[in-house]
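Please arrange chain V with the ligands on chain D, whose structure you already have, making use of the hints.
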Amino acid sequence: MQTKPEPAVVGDDLIEMSELEVHYELRGGTLSRLLGVGAGTVKAVDGVNVTLRRGEVLGVVGESGSGKTTLGRALLGLAKSTRGTITYRKPRAGGEHPEQVVSKMSARELRELRTDLQMVFQDPHAALNPSMSIETAVGHPLKIHGIASGEELRKRVAAALERVGLSPAEQFMRKYPSDLSGGQKQRAVIARAIILDPEVLVADEPVSMLDASVRAKILQLMLDLKADLGLTYVYITHDLATAKFFCDRIAIMYLGRIVEIGPTDEIFADPKHPYTKALLKAIPEPDPHKVVPRDLPRGEIPDAASPPLGCSFHPRCPEAVAECGWESRDLRNLLEEHWTRQDPSVYESEQGLVGDLGVLDKPQKRVTIGKGADSARVRQLLDRARAENPSEPLWRGVDEVRETEDGVEVVFHKGYDPLLRPSGGVEVACVLYPEPVTPEPARPEDDRHGS
Amino acid sequence: MTEMTDRSASTATSGGPVIDARDLRIWYGTDRGPVKAVDGVSFTLRKGEILGLVGESGCGKSTLGRGLLGLLPEGAKMDGQLRFNGEDLLALPKKQMFAKRGAELGMIFQEPLTRLNPLMRISEHFEETLKAHEKRIGKAEIERRSMEVLRLMGIPPTRFRSYPHEFSGGMRQRLMIALSLVLRPSFVVADEPTTALDVLVEAQIIRILHDLRREFDTSLLLITHNLGIIAEACDRVAVMYAGEVVEIGDARDVFAEPQHPYTRELLRSTISLASTGLNFIPGAPPDLVDPPPGCHFHPRCPDAMNVCATTHPIQREMKNGSRTQCWAADLRNGYAQDLTPEQTTPLSREEISVADEA
Ligand SMILES: Nc1ncnc2c1ncn2[C@@H]1O[C@H](COP(=O)(O)OP(=O)(O)O)[C@@H](O)[C@H]1O
Ligand SMILES: Nc1ncnc2c1ncn2[C@@H]1O[C@H](COP(=O)(O)OP(=O)(O)O)[C@@H](O)[C@H]1O
Ligand code: SF4
Ligand code: SF4
Ligand SMILES: [Mg+2]
Ligand SMILES: [Mg+2]
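Read top to bottom, the protein sequences are chains D and V. For what it's worth, the numbering used here labels the leading residue of the first sequence as 72, then goes sequentially. For what it's worth, the numbering used here labels the leading residue of the second sequence as 77, then goes sequentially.
Here are the simulated lysine to any residue pairs, SDA-like style, with alpha carbons at most 25 Å apart:
hint	chain 1	residue 1	chain 2	residue 2
1	D	Lys175	D	Val121
2	V	Lys395	D	Asp358
3	V	Lys112	D	Ser252
4	V	Lys215	D	Glu407
5	D	Lys433	V	Gly245
6	D	Lys433	V	Phe243
7	D	Lys246	V	Val111
8	V	Lys395	D	Pro359
9	V	Lys395	V	Arg408
10	D	Lys361	V	Asp326
11	D	Lys352	V	Leu349
12	V	Lys153	V	Asp267
Short derived list, chain V residues pointing at chain D, Cβ under 8 Å:
hint	residue
13	Ser133
14	Gly230
15	Asn302
16	Phe331
17	Leu342
18	Ile347
Here are the simulated distance ranges between beta carbons:
hint	chain 1	residue 1	chain 2	residue 2	range
19	D	His216	V	Val365	38 to 46 Å
20	D	Ser279	V	Ile428	23 to 31 Å
21	D	Asp84	V	Pro422	51 to 59 Å
22	V	Asp99	D	Gly423	58 to 66 Å
23	D	Ile215	V	Thr234	49 to 57 Å
24	D	Pro389	V	Gly353	31 to 39 Å
25	V	Ser424	D	Pro239	18 to 26 Å
Simulated from the structure, these hints should not be mistaken for laboratory data. All C-beta atoms in this analysis are idealised placements derived from N, C-alpha and C, irrespective of residue type, glycine included.
Only chain D is shown next, with the shape it has when bound in the complex (with noise of 0.2 Å):
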């Protein structure tokens, strides 16, 4: 049994991520248009600060959706960002760190980056061309760098073969890959990732499409690979459970941000933020005495084309405050999760005052529904609503409701956009954790939402 590692020297800075920003253009935006949402953009990562060392191993964490694998590939430069920087100071014999920026980099210079820098994807399946001999597809990058042919490259692919686990080598190099496990193909996958002999690896969630008892396996080859070839890691995952296991530092990430990031330690033993609670509280364990959680996030990862206002998590938040930029989006939600509960009498005939709700898909700070319908119905609506669940954390950020002449108007709290700061011994990127000198926010969501 491999007990957890102790912590690697971890050495100068590697990599640093400036204000990093991976931005996708929608094409055919007729629905964004129509939704007043910032001309169809995916922020897929949306302002990273982060700096790799080396010989670390840094957690990248979230649910899908929330811009890890964009990330990652941003670091090879396979993504594009669209602002900010990636700094790669390549360590050479003689202890000089030349500065290399990644998005500055010609096709030649990327090449080259990418014999030191390399990635392993999470499905082992797709990242193997079925019909490729495993000799062939593991010694393909030596082969398109020039760097060894014939012999000499049939050895070296024998030997990362043999470091993997895949022994005896000269067996699986005639294989193809449906001739292999899933477990086999992702060792053969991480083979063809240390053949040119990276200084970083970026894991994309390397186990998680792997049955749970391979996960172990593939996790101790890769801990194994570090100690012998003094590799730096990238893992990324949404389990948090391998993260705790595996990493030295770990930075969750939510719909492009980064939300909280800090040593594995402190992440564990003291959570910040909200959504890295829940993650923590939502992962099975296969204890006899836990029992099913009840106080998990509603809903889903929003689109990260029209990101809630504020605090991107504040929909989901339980934690929520006055100040996490509720808005129109959420009325909606609210009145669609009270209608869950109704009979079906009292929906349509509920639905009927409120009218199209589509009037609450365009984010909004103030709105007004129920137009044309009594105003004072629309209101006892709301009131039931409330009544119904007074903790619900919307009606925090709720600052009026009116009735006017032609419906009922909710008007929204001012909200925040909060900016990751230090707290402890961790960043987080929350109201609740307010930075300790300056009180004023340094943000206001307006600028994030440029509306």
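This is chain V with the ligands only, laid out in the frame that chain D set:
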């Protein structure tokens, strides 16, 4: 703990078991000979009970689940006894065997999107399902019954006429569950229903499955390779290895004190928040055309004795109430006292290569 009272209430329900399988065998004909995917499985499932079925890939879990519903592919054969609410389905003529399917038997799949028709509104999916079994059902009744299950799954009535692609992954799985429950079946199989979902959404779905018994009398067979899910959602657990159920019992008892070495090693190899080390079972489950003699697990078992390589263990009731088939568990529980010292000597085996894995 409230969960405890829940449990005893549900298991104490009167009446016979919903599912009573005895010595069930399912095999696939192949060029290399029959694949014995389910090989002598016996268990019962009571009304409202959730039985977890766990084991590595290739152990026969999906085959068993599909076999119980009569959903086996062409070329698969089934034998043994399978009583559904008292009636032996396998004794009936082939045509009638699973005629009840759909109305009384339900299935929840891993990938809901591949099971929903992208061109049909949610309302139409419900209409189709309900009409298939109740030809004369009216529009209002369809709407009432569909909306009711949707509501219980937390899907707002405003979404009733939406198309599948308008739903998020978690919502689609809720839809799938709602569709399989709208006919109020008495038995449902869920095959890895959360494997494709993120951890928070997975937890929401597990909670829904766990709470099914509050609104439905459905008995559930929950197939997963995630032991954490079993611990949280199930009353009982069956551990499957190489086509056999090697241990079955109350989930808490089995997790607290696993009797079979396979169960114990599976638990040890699960990476959880409490893990301080990486453990794994060397090797992979065997080829089910030609599984190892004796105990099928013996080539991988840390506790294997000489007897294990030659003689198949018998399923017996252990002190904690679980049923287990293992010679070592027998000895600990006061059975198999006539084994000779030669038979109980630790088995010496070749080392298993690290990459021999599932
Ligand atoms: N090439 C692309 N074009 C447009 N949107 C993309 C592209 N790649 C990723 N996205 C979007 O960016 C967001 C983040 O995706 P991704 O980086 O894959 O997250 P994760 O790996 O955490 O699941 C998602 O909303 C995704 O749909
Ligand atoms: N249609 C089929 N034809 C032949 N063999 C099959 C078929 N389906 C499954 N098998 C085999 O049956 C065994 C059990 O498979 P399965 O029931 O899918 O296990 P699990 O769900 O536990 O992964 C495996 O060896 C598998 O290869
Ligand atoms: S700022 Fe903090 S409290 Fe507010 S919604 Fe975000 S995570 Fe929750
Ligand atoms: S019967 Fe023997 S080999 Fe099989 S599980 Fe028990 S001890 Fe291990
Ligand atoms: Mg990804
Ligand atoms: Mg299966």
